[in-house]
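Enquirer: Sequences listed follow chains H and E, in order. For any residue, its number in our numbering is found by taking its place in the first sequence, counting from 1, and adding 2. For any residue, its number in our numbering is found by taking its place in the second sequence, counting from 1, and adding 1165.
Don't read these hints as lab results, they were simulated from the structure. Be aware that one or more of the hints could be misleading.
Claimed, not checked - In silico DSBU-like pairs for lysine-lysine, Cα to Cα no more than 30 Å straight-line:
1) H:K226 x H:K102
2) H:K230 x E:K1236
3) H:K127 x H:K108
4) E:K1236 x H:K226
5) E:K1236 x H:K127
So the chains spell out like this:
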Amino acid sequence: MTVLLGDPVLAELRQILGPEHVLTGRADRLNRTRVPAPFPVHRWAERMPDLVVLPASTEEVAEVLRLADSLRIPVVPRDGGTGLTDGAVPLRGGIVVDVKRINQIKEIDLDNRTCTVGTGINALKLNEVLGRHGLIYPDDPASYPCSLVGGRIGTSGWSLIGSRYGHTRDLVLSFDHVLPGGRVIHVGDGIGRKITKSSSGYQLKHLFMGHQGTLGIASEATLKLFPKPEAEFSPFWAFEDYDSAYRAVGALARAGVATFAGAVLFDEWKVDYLRRDDEAYIPQPSSVKALVCAALYGYEDEVRAGGRRLLRIARSLGARYLGDEISEGDWAARHDRYATPLHGRTRSGQVVPMSWHCEDASINYTNLPAVRLAWHEIADRLRRESDVFDDWGMFAYTNGATGADYLTEIDIGIWEQRLDDAAWEAWVRAKRDLAAVTLAHGGSISACHGSCRAGEVDLVPEELGGGYDVMLAIKRAIDPNNIMNPGKYLLDQAYAEKS
Amino acid sequence: MKYRYQDEMSPPPARRVTDVAITRFEHVFEVEPALMTDHVTQQDFPNWDTLRLVRSRADHLAWMHRHFADKVLSGEELLHDLDE
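Work the whole structure out from these sequences, hints included.
Expert: In structure tokens form, the structure reads like this:
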């Protein structure tokens, strides 16, 4: 679709939203194309929307979708644009619906411990208001200062402190969802806005989370709130080998400490990377080969008790506490990874500017060591081929309080300025191989980002099996004209089958 | 204004920390200058600005902690409790 100024579509959109909320300028459109881990930058122009709209309410979103559906214009919702699987990036042009104006706090219900907000609000800003009531909305991605509630719903996000408080799917109680044809539905547990458990009917809330904008747009959400923690404890430990660190992270996660909010394992490649550029780890002795951290939140007395227990466990497994300064500083930085300026190294060691490409998966604890070796083999292959790629190592974050599985990520630096079609193809092949390793070890291709980018998306039908056929049928039923984020998740197949 | 003084443009002598890093101020590290010659070159910073950047980062991290809890517990103190 190419929209020309004076086009009747523009006139109708301006009528619906007001002229100042329909943007056609190149800079406005480029700004809504940008994501933190770019698709190939040398092909940026292919990902530009034709125009951007900024609705202020559920009703305006519905009117935009009604118009787009009637004219078969592609629509891509965009919240913070911080996702790492390009959900907010158009593949077919069309209209980007930027929800940032839908950012009001509609209600804070102190008695039921919920709040209702426009999905364009950011959790950090929301928590600054909730803090005045002694409350917190504990959805904590690495993009905490810049991601928005609607994007967290659209990706079914993962939270750093999810082992204590749950992830986005657990924290969002219900939301208004605009279907592709413009109909507004409310999904949650049952029909209730503030109900946390219902057995009435299909559980639609989960269907409308994590769809990467392919099933409509969430516009208003009711969220679960907790008392703001009185105390935090975030110890970091050093280990002389990966195996000891691996045993320790498992023991910490399985300890059953109620205030345990998460633990992270850093492998040898990650430690090598940090030794180059991180002030906390540059001075560490060469005997440090792996790291583990944990985080606890709650009332001070319970955090103290849980903290002592975890310190005892870590010490019994050969850990060396890295001190308060590193522990406090590094944990705070985990909430805000997107503020980190990025650069990598050529094979000769020269510094080059690089962007951050983070591939994630859900992997069971017992498979972490094998996946780590297989993934680094793939990264080494890339590194041998070209200076465009740099292996920045792996993290494994607990997904839950029992330690069953981990958000496992490998960070690859990519020198975007040198990227060409051949290097991009090598990267896409590597992503496909990383996903294949995940499936071979019984994992899921993504714990956090989603899996609709080139490479890993090819294996989604294999991962979901018969469930993928159901996914195609749902897409066709809910979005018969394929206007919502067309091209993502290989869902065009739904319409090929129909024809 | 301090930034106008010439001595602010003369950083303390570098001390090597590792093969890839040097230090000029306590707890402040820089990439070994020889590794920033081909693609990214180092900039000249007045001393006050280097220290301001480091302090700003610390302020940012403290501000981030305050979003999540009223107080951060000391591991060193808890370890001391264990040893007693």
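Enquirer: A separate judgement is required for each hint: does it hold in the structure or not?
Expert: Results for each hint:
For the suggested pair K226 (chain H) and K102 (chain H), the alpha carbons sit about 21 Å apart, so the restraint of at most 30 Å is met. A hinted pair counts as satisfied when its Cα atoms are at most 30 Å apart, and K230 (chain H) with K1236 (chain E) qualifies at roughly 11 Å. At roughly 14 Å between alpha-carbon atoms, K127 (chain H) and K108 (chain H) fall within 30 Å of each other, so this suggested pair holds. Note on K1236 (chain E) and K226 (chain H): the hinted pairing holds, with a Cα-Cα distance of about 23 Å set against a maximum of 30 Å.
Proximity of K1236 (chain E) to K127 (chain H) is assessed by CA-CA distance (about 20 Å); at most 30 Å being required, the pair is judged to hold.
In terms of the numbered hints stated before, the structure departs from none.
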